[in-house]
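Start from the sequences, fold in the hints, and give me the full structure.
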Amino acid sequence: MSKKNNPRNAVGVVYSTNPDYEYQYDDAPRVETLPPSAQKLRVRMERSGRGGKTVTVVSGFIGTDDDLDELGRTLKTKCGVGGSVKDGLIIIQGDFRERVVALLQALGYPAK
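Read in order, the letters of the sequence shown are residues 3 to 114 in the working numbering.
I should point out that these hints are in silico values taken from the structure, not numbers from a laboratory.
Hints are supplied without guarantee of correctness; some may be wrong.
Label pairs and their in silico Cβ distance ranges [claimed, not checked]: (1) Tyr17 to Ala104: 47 to 57 Å; (2) Gly84 to Asn20: 43 to 53 Å; (3) Asn20 to Asp71: 15 to 25 Å.
Restricting the straight-line Cα-Cα distance to at most 27 Å, the calculated cross-link-like pairs of lysine-lysine (DSSO-like) are [unchecked claim]: (4) Lys114 to Lys42; (5) Lys78 to Lys88; (6) Lys42 to Lys78; (7) Lys114 to Lys78; (8) Lys88 to Lys42; (9) Lys55 to Lys80; (10) Lys114 to Lys80; (11) Lys114 to Lys88; (12) Lys55 to Lys114; (13) Lys55 to Lys78; (14) Lys88 to Lys55; (15) Lys80 to Lys42.
Keep in mind it's a predicted model, so treat the numbers as computed, not measured.
Even for Gly, the Cβ is constructed at its ideal location relative to N, Cα and C.
What follows is the structure, encoded as structure tokens:
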């Protein structure tokens, strides 16, 4: 059985006992990660809706979730703080705008 036709890759069905059941597969094209020089990242500071805590938010990344996670991990490590990656945003705890912009530019990203 090929990887595409495997019921484990089917969308919305955990298990079917019907041998004639037609599984639906997610055929959406994968988003390719743009090279760093083609990315347009924006760095901003937010306080609203976060209980008064200050966070630095990096937005505008175009690419796979794995590459976004890796970039977020790199930024959090270099800043020495925690944070998260969700909904296409990299969230770094604290006001690290200048440091994050400098790190992104060192990695080849034209950040503002």
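Status of each hint after checking the structure:
no., hint, result
1, Tyr17 to Ala104: 47 to 57 Å, "holds (51 Å)"
2, Gly84 to Asn20: 43 to 53 Å, "holds (47 Å)"
3, Asn20 to Asp71: 15 to 25 Å, "violated (38 Å)"
4, Lys114 to Lys42, "holds (8 Å)"
5, Lys78 to Lys88, "holds (14 Å)"
6, Lys42 to Lys78, "holds (19 Å)"
7, Lys114 to Lys78, "holds (18 Å)"
8, Lys88 to Lys42, "holds (18 Å)"
9, Lys55 to Lys80, "holds (20 Å)"
10, Lys114 to Lys80, "holds (18 Å)"
11, Lys114 to Lys88, "holds (20 Å)"
12, Lys55 to Lys114, "holds (22 Å)"
13, Lys55 to Lys78, "holds (17 Å)"
14, Lys88 to Lys55, "holds (17 Å)"
15, Lys80 to Lys42, "holds (21 Å)"
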